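Undergrad: Dock chain to chain to rebuild the complex, using the hints, since each chain is given by itself in its own frame.
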Amino acid sequence: KRGTRVAKPRAASKKGMATSSSPTSIDTRSARKRKNEEATGDYFPILGLPTELVSHSISFLSMKDRLRVAGVNKKLRKIDSESKNMLSGSTKLRMFQSLNVSKKIYISFFKLIGITYKDGRFFSNRDIEVYKDRTITTCDLWTIFDEGVEIQINGLTYATSRLTVIFHETHEQLEEAKNKNEL
Amino acid sequence: RIYPLMRVTLTTSDGASVTVSRQLTKHSGFIEKAITDMAVDDNAVPLSAVAVDVDDATLKLVIEWLTEHRDDALPYPEKTDEERRADDIPAWDQAFVQKWDTKEDQQQTLYAVITAADKLDIKGLLDMTCKTLANKINGKTVEEMREILQLECDFTEEELAEIRKENAWCEN
Chain A
1 KRGTRVAKPR
11 AASKKGMATS
21 SSPTSIDTRS
31 ARKRKNEEAT
41 GDYFPILGLP
51 TELVSHSISF
61 LSMKDRLRVA
71 GVNKKLRKID
81 SESKNMLSGS
91 TKLRMFQSLN
101 VSKKIYISFF
111 KLIGITYKDG
121 RFFSNRDIEV
131 YKDRTITTCD
141 LWTIFDEGVE
151 IQINGLTYAT
161 SRLTVIFHET
171 HEQLEEAKNK
181 NEL
Chain B
1 RIYPLMRVTL
11 TTSDGASVTV
21 SRQLTKHSGF
31 IEKAITDMAV
41 DDNAVPLSAV
51 AVDVDDATLK
61 LVIEWLTEHR
71 DDALPYPEKT
81 DEERRADDIP
91 AWDQAFVQKW
101 DTKEDQQQTL
111 YAVITAADKL
121 DIKGLLDMTC
131 KTLANKINGK
141 TVEEMREILQ
151 LECDFTEEEL
161 AEIRKENAWC
171 EN
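Going down the list, the protein sequences come from chains A and B. Sequential numbering of the first sequence, starting at 1, is according to this note's numbering. Sequential numbering of the second sequence, starting at 1, is according to this note's numbering.
If you're looking for bench data, these hints aren't it; they were derived computationally from the structure. Take these hints with a grain of salt, some might be off.
Think about it this way: if two alpha-carbon atoms lie no more than 30 Å apart in a straight line, the pair counts; the simulated DSSO-like pairs of lysine-lysine are [to be verified]:
id: 1; chain 1: A; residue 1: 78; chain 2: B; residue 2: 165
id: 2; chain 1: B; residue 1: 123; chain 2: A; residue 2: 75
id: 3; chain 1: B; residue 1: 123; chain 2: A; residue 2: 118
id: 4; chain 1: A; residue 1: 75; chain 2: B; residue 2: 140
id: 5; chain 1: B; residue 1: 79; chain 2: A; residue 2: 78
id: 6; chain 1: B; residue 1: 33; chain 2: A; residue 2: 75
id: 7; chain 1: A; residue 1: 178; chain 2: B; residue 2: 165
id: 8; chain 1: A; residue 1: 74; chain 2: B; residue 2: 33
id: 9; chain 1: B; residue 1: 140; chain 2: A; residue 2: 180
id: 10; chain 1: B; residue 1: 26; chain 2: A; residue 2: 74
id: 11; chain 1: A; residue 1: 178; chain 2: B; residue 2: 140
id: 12; chain 1: A; residue 1: 118; chain 2: B; residue 2: 119
id: 13; chain 1: B; residue 1: 99; chain 2: A; residue 2: 78
id: 14; chain 1: A; residue 1: 75; chain 2: B; residue 2: 165
id: 15; chain 1: B; residue 1: 33; chain 2: A; residue 2: 64
id: 16; chain 1: B; residue 1: 165; chain 2: A; residue 2: 132
id: 17; chain 1: B; residue 1: 79; chain 2: B; residue 2: 33
Small disclaimer: the values here were computed from a predicted structure and weren't measured.
Extracted from the complex, chain B is given alone in its bound form (with noise of 0.2 Å):
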């Protein structure tokens, strides 16, 4: 049971801390059960400080996030393969990674706050990031792919040449 008023502090691995409603950490895994494993009254406002291994300006961005999806079902729904799939980002979250994928350290927002919303368990931002990066290489080429992934090619000739063959029949 959720009470819309509880509030619990949260401390970043930078030293700040930041005070949030339950309505919001519901949704992180790793938070409630940090609650849960403190077994206080749920009644106590706030509720004692709970540390996360997330700094300050990405726990930032992951709370505006939350904010945003504090009404989301839970438990988060799980996926088919079927239903699998990167162009399903809904509209608010594609403006909000916007606001930071143009930018020079893009990738470095990208990284934290995908390893963010994997350590606090939020699932629903772990996919939507997660998402976000498979669509910077999907319909890419292989070489293309290597472009954007930053890799180099450590296949043999021999190597390539079977790949070529074994991936033929989805190529043509």
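The shape of chain A in the complex, shown without the other chains (with noise of 0.2 Å):
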């Protein structure tokens, strides 16, 4: 296990600033770099600020950073998937994400697209392709594909499942995604 230490930033330290979150834990095998990037400026102890404001700040990255930063750790990835700006007014909606969907929302959610979900297996009239991801032993994900439209369901067996829609707009986007499966 690497070895941490505690970052407080250092507005809320030296100027008296009141912080909403916890301290961040920061990674010292890379001192070094960190230690450059102070030089310049070019670091930032995100999570000293209220969520909020994290929240505000991320929703003028692009959805590709923003999932980026939906990786970085667990705190920003909750406040990334909690974020109100994520889908708002968007016109150019590829795909969207929605966490804590119950068996109840889920199990209509296929009633309406026609997709039916019964005893661990999908039926539909219509021709899809439904993948099992195997190489994942804690929960299962099911990828499902009907036409260029990609639905993953994650964690069926669970309470609450994690269920995203992602619209391929050309055949060979849809085709690297099933083979992604396929692998």
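TA: Here it is, written out as structure tokens:
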């Protein structure tokens, strides 16, 4: 396990400003690099800010960068998933994700789009493709392709699941996504 | 109605007093509400002091920004998601941030100005400083983001594999 130290936002410590979140752990492995960043001003302990300001800041990022932010650590993943600015008014929506979807809701969702889930299997009158990821052992990840739409549902056997819907604009994108699931 | 010569005195968290034109404070939702709550005669010059939870050094930066933006349109135009981007910071604002963003204490100042803009409800300044923060991680890899934001990865290997799988569609 890598050694850690506790970082506190300098502004909060020096200027007596209140912070809404707990101190942030940082990795000392990159201390040299960080020292350089301090010199050039290219770093910022973002979790020293109140959650709503973190959310506001990352709302200016592209979807791609926001997905990366959500992969930084659990706290940022939670903030990003709860962000109000994620989808409102979006006109270029290509993907949406909903966390903590109850069984009742996802079954209704599937029913709405003409897919039935029963006894661990998916049925549809349309030509859908269903994949189950067997590389993840802690929870089940299902991927369903229905023409250009990819639907991922994670944690079907749990009380709540994560539902992701991706719209593939081109045949190439769709095939690439399918190939990943076949692997 | 804002009279150009009308002035208001602000008292800072560290005990300083600064008197500024209401042409500047009209951009602060907090100060304008405080003045409204006082129910004083708008012709009173200067108005009673308004206490702000911002230190003197930070308030000076805020006033500098407000002075440059005194003629900005009000109410502040809300951005749609389509318009939300971090690379449209005006040149003057970029230079303003650059003055302290390259100094050793830049993160303190950026932190202080973001929180001051939030407390004073100055939407334009809040957006600009949050965009400045967003630009620090814009286009960076996850690992680079961790370095810049000083955060440790606390996901398990399985969670990481899951995240990589979820994000694969946009990483290629």
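Undergrad: The structure should be examined with respect to each hint, and the outcome stated for every one.
TA: Here is how each hint holds up against the structure:
1. 78/A with 165/B: Roughly 18 Å separates the two Cα atoms, so the pair holds.
2. 123/B with 75/A: This hinted pair holds, its Cα atoms lying about 25 Å apart.
3. 123/B with 118/A: Cα-Cα ~50 Å, so violated.
4. 75/A with 140/B: Cα-Cα ~19 Å, so holds.
5. 79/B with 78/A: 24 Å, holds
6. 33/B with 75/A: 34 Å, violated
7. 178/A with 165/B: 12 Å, holds
8. 74/A with 33/B: 37 Å, violated
9. 140/B with 180/A: Within the cut-off at roughly 24 Å; holds.
10. 26/B with 74/A: Not OK: residue 26/B and residue 74/A at ~39 Å, beyond 30 Å, violated.
11. 178/A with 140/B: 27 Å, holds
12. 118/A with 119/B: 52 Å, violated
13. 99/B with 78/A: Given that 30 Å is the threshold and the Cα spacing comes to 34 Å, the pair is violated.
14. 75/A with 165/B: 20 Å, holds
15. 33/B with 64/A: 39 Å, violated
16. 165/B with 132/A: 13 Å, holds
17. 79/B with 33/B: 23 Å, holds
Hint check: violations occur at hints 3, 6, 8, 10, 12, 13 and 15; the rest are consistent with the structure.
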